[in-house]
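Trainee: Sequence:
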Amino acid sequence: MRPSQQDIVELLGLRPHPTCGMVCESYRSSLQLAGDALPPAYNGSRPLGNVLTFMVTPTARVHLHRLRSDQMYHHYLGDPLEVLLLDADGRSEVRALGNDLVAGQRPHLLLPGGTFHAARVAGGGEYALLATSVWLRAEPEDVELGDPEELAARYPSARQLIAEFSR
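If you read the sequence shown in our numbering, its first letter stands for residue 119, the second for the next number, and so on.
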């Protein structure tokens, strides 16, 4: 039997998050990389990485944002997730995470650092339960919210998708 959204929230201790639906940090590395070993943009030391478990619903989406660090989305349970990617080189695409491999869905997706992205549960879906592994752990100053109007100007071929994912 598939658990309900509320079951998952309670069992995993998920809480609302400003960019990523409902979230809990399920792992944080105890290994620290010194600030002088990192590119200057990181402005200080960081844990080697972390894992966030998160749930996306029709009302708790992944809002347009980007991290300085690379991250990998992993799909675990529920409906497929559609992810809009806006690459630094001007390309855009929508990728699907889920378990229907024949339909082109994949169980994980790499989001290179600096890639603006947003995500939503695929049409008619109830929820998607995922995790993201992040190397180096993102501190608040490593996260940039995306302005839909500004991004639509920078990615004119994705204007309609940006509007749809930003509703």
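No lab work stands behind these hints: they were computed from the structure.
Yeah, the Cβ is synthetic: ideal placement off N, Cα and C, and Gly gets one too.
Treat the hints with caution; some may be incorrect.
Pair by pair, the computed Cβ-Cβ distance ranges are [said to hold, decoys possible]: (1) Glu257 with Leu129: 26 to 34 Å; (2) Val220 with Asp154: 17 to 25 Å; (3) Asp154 with Pro225: 35 to 43 Å; (4) Pro158 with Gly241: 41 to 49 Å; (5) Ala155 with Gly222: 22 to 30 Å; (6) Ser163 with Glu244: 39 to 47 Å; (7) Gly162 with Val220: 44 to 52 Å; (8) Glu211 with Asp154: 33 to 41 Å.
Trainee: None of the hints should be skipped; say for each whether it holds.
Mentor: Right, here's what the structure says about each hint:
At about 28 Å, the beta-carbon gap between Glu257 and Leu129 stays in the expected band of 26 to 34 Å. Look at Val220 against Asp154: about 48 Å separates their beta carbons, and that is not inside 17 to 25 Å. Remark: the range hint 35 to 43 Å for Asp154 to Pro225 is upheld by a beta-carbon distance near 37 Å. The supplied range of 41 to 49 Å is met by Pro158 and Gly241, whose beta-carbon atoms lie about 43 Å from each other.
Judged by the Cβ atoms, the range 22 to 30 Å given for Ala155 and Gly222 is violated: they are separated by roughly 39 Å. Judged by the Cβ atoms, the range 39 to 47 Å given for Ser163 and Glu244 holds: they are separated by roughly 40 Å. Against the hinted window of 44 to 52 Å, the Cβ-Cβ separation of Gly162 and Val220 comes to about 45 Å, which satisfies the hint. Checked against the hint of 33 to 41 Å, the C-beta distance between Glu211 and Asp154 comes to roughly 36 Å, which is consistent with it.
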